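Okay, so the sequence shown: first residue is 1 according to the UniProt record's numbering, each after it adds one.
In short, the hints are calculated from the structure, not lab data. Keep in mind that this is a model prediction, so the values were computed, not measured. Hints are supplied without guarantee of correctness; some may be wrong.
The calculated label-pair distances, taken between Cβ atoms and stated as ranges, are [said to hold, decoys possible]: (1) Trp979 to Met753: 52 to 58 Å; (2) Lys502 to Lys1077: 25 to 31 Å; (3) Phe908 to Gly815: 44 to 50 Å; (4) Lys78 to Tyr805: 19 to 25 Å; (5) Glu996 to Phe1085: 14 to 20 Å; (6) Tyr805 to Leu719: 47 to 53 Å; (7) Ala970 to Ile1063: 20 to 26 Å; (8) Gln101 to Phe908: 23 to 29 Å.
In silico lysine-lysine, PhoX-like type, Cα no more than 25 Å apart, as pairs [what the hints assert, rightly or not]: (9) Lys502 to Lys421; (10) Lys541 to Lys358; (11) Lys1077 to Lys1050; (12) Lys349 to Lys140; (13) Lys140 to Lys124; (14) Lys861 to Lys124; (15) Lys1077 to Lys1025; (16) Lys502 to Lys627.
Note that CB positions come from ideal geometry on N, CA and C, so glycine has one too.
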Amino acid sequence: MSRIHPIDVILATIILMRDRRLDVDDPLQSSILISLRGWSQISFRLNDRVILVEAMLSQPILLGLMLEYFKPGSNVPKEYAYYYAGGIVATTGLSMFLINQFQFNGFHIGMKLRVACCSLVYRKSLRLSRSALGDTAAGKVVNLLSNDVSRFDILLMFLNQLWLAPLIAIIVMYLIVAETGVPGAVGVIVVFLVVPLQCKFVRVPFNVTALATELKSEIRIIRKTSFLRGIFMSFNMCTTRLAVFSTLITLVLQGNRLSADRVFVYVSYFNILCFSMSSMFVRAIAEVAEAYVSINRLQEFLLLDEFIKMEKTTNGSLMHKKLTDRDGVSLKNVTAKWNESSSDNTLEKLFLNANKGKLVAIIGQVGSGKSSLLQAILGELPISSGSCLVNGSLSYACQEPWVFAATIRQNIVFGTPFDQKRYDEVVRVCALVRDFEQFPQGDLTLVGERGTSLSGGQKARVNLARAVYNEADIYLLDDPLSAVDTHVGKHLFDECINSYLKHKTRILVTHQLQYLKDADNIVIIKQGQIQMQGSYADLMKSEIDYAKLLGVEELDEIEDIVDYKTEADQENTRLPRILRQFSRMSTRSTQSKVSRRSSIALENEIVELDPLSSDHIEKSSKGKIGKSVYIQYMMAGTNICGFLGVVLMFLLSQGAASGADYWMVTQEESLAYYDQLPDNYTELNQSFVDTNVILIPREDIFSTETSLFIYTAIIVFLLVITFSRAIIFYVMCMKSSQGLHNSMFNGITKTRMRFFDVNPSGRVLNRFSKDIGSVDEILPKALLDATQILVTALGALVVSVIINYLFIIPVCVIGFICYFIRELYLKISKDLKRLEGITKSPVFTHLNATLQGLSTIRAYKAQDILRNEFDKHQDLHSSAYFLFIGTSVTFGFYLDLFSLIFISLVTFSFLLMEETFGGNVGLAITQSLGLVGLLQWGIRQSAEVSNSMMSVERVLEYKYLEEEPLLESAPDKLPASDWPSKGLIQFEHTSMKYVETDPHVLKDLNITIRPSEKVGIVGRTGAGKSSLISALFRLARVEGTIRIDGIDTKDIGLQDLRSRISIIPQDPVLFSGTLRKNLDPFDHFSDFDLWNALEDVELKDSYDSGDGLRSKVTEGGSNFSVGQRQLICLARAILQEQ
């Protein structure tokens, strides 16, 4: 696939078309849908479409001529009848061939359009401005790739029906009216009354999707609209019979006599009309409606503000004035803010020079604008006035370490040419040598998503090593020392920042005040303004109160005590107090989004990766879908009685449909036959040689009026049972989908933490987006189609066998062959569908990782590397999908081929029989003709059901994840309501490991922490400090005993344990919503309590004005600085302690 349709060629075509045809404000509209290479590709050769229309419309004419042969007293030669029969078979075969070709072309071009749109979305993601990124949740971007662009896969197959179906309808209308006059017009009116009603409900997404601003709302709306659409689409089987019924009633009321040859010509015409309008045209409207909504979402995303390296600032100041050779970075009167509409500036009137080879230290309170200053230098923060001049290349280490799921070496090299000597030196100065020795595969060890297998300090050093390895003139280091211990921090500063990079321009944001003596220039920022800058000596001489604020009197003490060699020495060393003041003013800076990070496998020909461990590989089941999956899906929405009731309704509806056709034929044929006989039935009966043939008197035959009354009753029953069946069926499917979703959500919320360590977020998102979307939308439609067509085909075959019992032989043979082909197809398609699902996950994970590290990616100018990697994931997925659609169309073609053989047998067999009613011939042939497209679509949909059941299977896998033990305490083990009241914590021979097969990370600990003690846990990065907290919360497998106030934590439920302990996480976690919801998710506290907690962490003044507790928190808290997030987490813990 990637060789035939490489993504770069497809995307280049789309972009070229967009640039030629579309305005700047219209990046994705109908012009892109018109073609990838012009009109000819989407129209799929107009001549072939005309031939298909001619072939379809020839069948009723040929059928009428053939039925003339079977009329009593007909003068049509038998050889002519053979010609007509051959014409029916030939036109059917031609239609079959063309339709399969159109389906393949439609799927093919739809896939190309989807791939191109996915790449457009990804490329736009790389260009998003920071403000646009802050307002766009990663889940919404993933939803664009998982659901919205998937509309294009089948859109192109139906798009031509918007003009082709009305054209066919006009021709058929003319033929019907010319054939019957007013009665035919009545039937046509019935069809065109039903079609707008169907279109009304399939266009629901045009209006309601605009209201769906949250995922929960969207799911509810999708299910409701699918429910209504499914009900009215299920009336397809009734539309033809309603139209024929209306026409026949009108004919009888006009006093016309019904004849088989004419009735089945009408039926054939109405079959074509209803198939074109009620089925294909309505489906085309539905697909275009959904695609329209998706296009609007894509267009809205593509119109978001982009990151632009401005030649000028907004007030016209040039940004690239000539710098002197000694200048590295120069800021002159810089004022900047994240949102133009905001009244507060993030940075205001800044003047700063960072000369080449100098170290500039940026310090200040939490939320003062330190990180925003670096973002302005990077060009991420738009400058409102002033100028920011950069002389040389940049390298950047972000405040929140960005580590993606790849090897450690790939994280450090990050697409840069690999130099072993330089790499080894960077590893040394970043204090990673000892860590590599402890890793099982050294620097080729695979780290999980978000670097889950690394400690916080290790992630920080890998993040720093990436910046240092990148050869640049200017290094922007955003607080790289905060996550490491004092000894490692001193090594990083002395060996890396102050030695290895001594000839480079370095701008260091830090809270480690002991290193200020070595800085050439110290800049103090408060509330976005520079309060003071100068050398350390200048700072000491200053009479400003900042000397006390920064704890200058303690700097000498700090310098003296950090020079130690071993961890044992640390135990006997008095740790200094490092003064940190909390901000009184919230200057919000948009940092990297704390979204779900994912793998980025970067291009690096030198690094050879070892095979992934089994934990990190997405598992895929093989073989058939087990019966238990079907049972669990059905039982999630109903019970056994409800299921049997739905099955009975399907059988009753088809029985009514087939019964109506058979009743109409047999009664009218009986009346027509009796009209040809003499009145003396006694003499006629005695003349029969076969004594088993006895004719009943004419008066015992139902009259035409009575037959129509019975026919009307059958039609009314058919309408009622069809409507009732559709409602019950879709209610069952909605409940099943909702139940499965809730079960999967419960499964992942109760599983062990190890699951999140080894499963990238894209893999989990794929289950919640792609798989749940399949269960919500694809499975119900496919299941309804498959079941309805199955019973329809069964009804057609039963009718054919009733007419001629000899048909049972070809029915059995063809049925066996179709079943064999289906089983062969399922064996292949299931594996292809599983492969398609697995290759889709890396696309999502790659996108998530990109959004997380966008600032770093742009700072390193690695967009091309990331684009190429994304295209590789796309090509791999497209290869699997192309194989799937090719196999699917081939499967449909062979089914149609054997259906054509069956039609040939039925059609020519009547010519070999004598004394055959024309009504029986017409009924058998029309029913058989319907099997051509119907049977292959039904069996294909049954295969789609099996393939969609793999989504159910994948959902159920998460339902049955290994759960953490004892979520709820046993009644006799329930702790007291005031537990823990003292805070006595005892570790007795406690060991812990994250995986059963891994070595212990905590080994035989014996610790006692007495009530009210303040205990500091120190140690090298990776020593197990965070693991000790994990053991306390029982986030992993704990051996030995941990007691809190004398109660063994193993004896109580995890819910009771964790709800009684507060934690301030190493990585601050905030959720999208409001400040109140983040402080008090369960509404346990009053506003007074919340304000007190904010005052305790000195954040009250920041939110006292404006929206207050209703202040918006974006995804991951990205509209807050990291320090502000930590303080909000601290306030949350204070509330819980209350």
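Quick rundown of the hints versus the structure:
no. : hint                          : result
1   : Trp979 to Met753: 52 to 58 Å  : violated, 24 Å
2   : Lys502 to Lys1077: 25 to 31 Å : violated, 48 Å
3   : Phe908 to Gly815: 44 to 50 Å  : violated, 20 Å
4   : Lys78 to Tyr805: 19 to 25 Å   : holds, 24 Å
5   : Glu996 to Phe1085: 14 to 20 Å : violated, 41 Å
6   : Tyr805 to Leu719: 47 to 53 Å  : violated, 32 Å
7   : Ala970 to Ile1063: 20 to 26 Å : holds, 25 Å
8   : Gln101 to Phe908: 23 to 29 Å  : holds, 27 Å
9   : Lys502 to Lys421              : holds, 19 Å
10  : Lys541 to Lys358              : holds, 21 Å
11  : Lys1077 to Lys1050            : violated, 31 Å
12  : Lys349 to Lys140              : violated, 36 Å
13  : Lys140 to Lys124              : holds, 14 Å
14  : Lys861 to Lys124              : holds, 15 Å
15  : Lys1077 to Lys1025            : violated, 30 Å
16  : Lys502 to Lys627              : violated, 68 Å
Checked against the numbered hints above, the structure breaks hints 1, 2, 3, 5, 6, 11, 12, 15, 16 and satisfies the rest.
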